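Visitor: Assemble the complex: chain A is given as a structure, and chain B must be docked to it using the hints.
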Amino acid sequence: EAGVAQSPRYKIIEKRQSVAFWCNPISGHATLYWYQQILGQGPKLLIQFQNNGVVDDSQLPKDRFSAERLKGVDSTLKIQPAKLEDSAVYLCASSSLQGRANIQYFGAGTRLSVL
Amino acid sequence: KQEVTQIPAALSVPEGENLVLNCSFTDSAIYNLQWFRQDPGKGLTSLLLIQSSQREQTSGRLNASLDKSSGRSTLYIAASQPGDSATYLCAVRYVEYGNKLVFGAGTILRVKS
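Chains as they are written, first to last, in our numbering: chain A, 7 to 121; chain B, 858 to 970.
Check each hint, because a few of them may be wrong.
Within a straight-line C-alpha distance of at most 16 Å, the following computed EDC-like cross-link-like pairs (lysine to aspartate or glutamate) qualify [unchecked claim]:
no. : chain 1 : residue 1 : chain 2 : residue 2
1   : B       : K957      : A       : D62
2   : B       : K957      : B       : D884
3   : B       : K925      : B       : D941
4   : B       : K957      : A       : D63
Pair by pair, the computed Cβ-Cβ distance ranges are [stated by the list, open to error]:
no. : chain 1 : residue 1 : chain 2 : residue 2 : range
5   : B       : S909      : A       : N57       : 23 to 31 Å
6   : B       : L876      : A       : I44       : 21 to 29 Å
7   : B       : E874      : A       : K50       : 28 to 36 Å
8   : A       : I44       : B       : N875      : 42 to 50 Å
9   : A       : I44       : B       : P865      : 39 to 47 Å
Because the hints were derived from the structure by calculation, they are not lab data.
A quick note: this is a predicted structure, and the numbers were derived from the prediction, not measured.
Glycine included, every Cβ here is placed at the ideal spot set by N, Cα and C.
For reference, chain A alone in the conformation it holds in the complex (with noise of 0.2 Å):
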C-alpha cells in the first residue's frame, strides 16, 4: 500500500512571495490533516478535510494561508504572502473512517524556509 506523498520536499523562498504544496493521501482515506511543524515544537493542526469539505481550520491563519482538496483526493496548501515566521515543516496526514483508532499515517513533509 502506497504510503502518503507530498511534494516538493524542500522549498526556499523569499518573505512576501507565494508558495504550494501538494499532498496525495493513502487510497481511500477519506480524511486528510495538514500540519504545521514549527522547529522544536510538535505538530499543529492547520486544516482537517474529510472528502471534500472543511471539517475544522480553526488554527488556518486565513489572511495569507488557503487549502483546497478537490474531488476529495488531492490536496494543496498554499501560503500568500509568505512571513518569515511560516519556516516550518508542513506535513500532510490521512486516516480512514473505518474504526475507532483513527490513525493518522504521514506523509516525510515539506520543509519551507522563508529568507
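Guide: Showing chain B alone in chain A's frame:
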C-alpha cells in the same frame, strides 16, 4: 485549551540502557494516546496507540502505559540501541476536539554506541 507536555526535552544514554519517556495531558476525557517516532528530515511513524480503555500496549522493545486519572503516559524502551536515536512525540486525541491530535513538543533521544 488542552495541551500535551513531554519531559525530558532531550535525553542522551549509552547503548543498552533501559529508558523512560514521559508525556502528560490536561484532560482525562480522551479517545486515545499515540506515540510517534520522527527521524531527521522524515515524517512521523506511529509506534504505539493506546485506546482510552487500555492501560498499556507493547511492541517489541517498546511498552507504553496510560494512566488517565493522573493524565500521564510513559514510553519505555528496553535495551536501547543507536538506531533508536530519534525524536519521540506523544499525541492525544481529546474528546473535546474530535479527530484532532494534540502533540507534545517531543523528546530528542540520542543513544550512544
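Visitor: A separate judgement is required for each hint: does it hold in the structure or not?
Guide: How the hints compare with the structure:
no. : hint                        : in the structure
1   : B:K957 to A:D62             : holds, 8 Å
2   : B:K957 to B:D884            : holds, 14 Å
3   : B:K925 to B:D941            : violated, 27 Å
4   : B:K957 to A:D63             : holds, 11 Å
5   : B:S909 to A:N57: 23 to 31 Å : holds, 27 Å
6   : B:L876 to A:I44: 21 to 29 Å : holds, 26 Å
7   : B:E874 to A:K50: 28 to 36 Å : holds, 32 Å
8   : A:I44 to B:N875: 42 to 50 Å : violated, 32 Å
9   : A:I44 to B:P865: 39 to 47 Å : violated, 20 Å
Violation of the numbered hints given earlier is confined to hints 3, 8 and 9; the remaining hints are satisfied by the structure.
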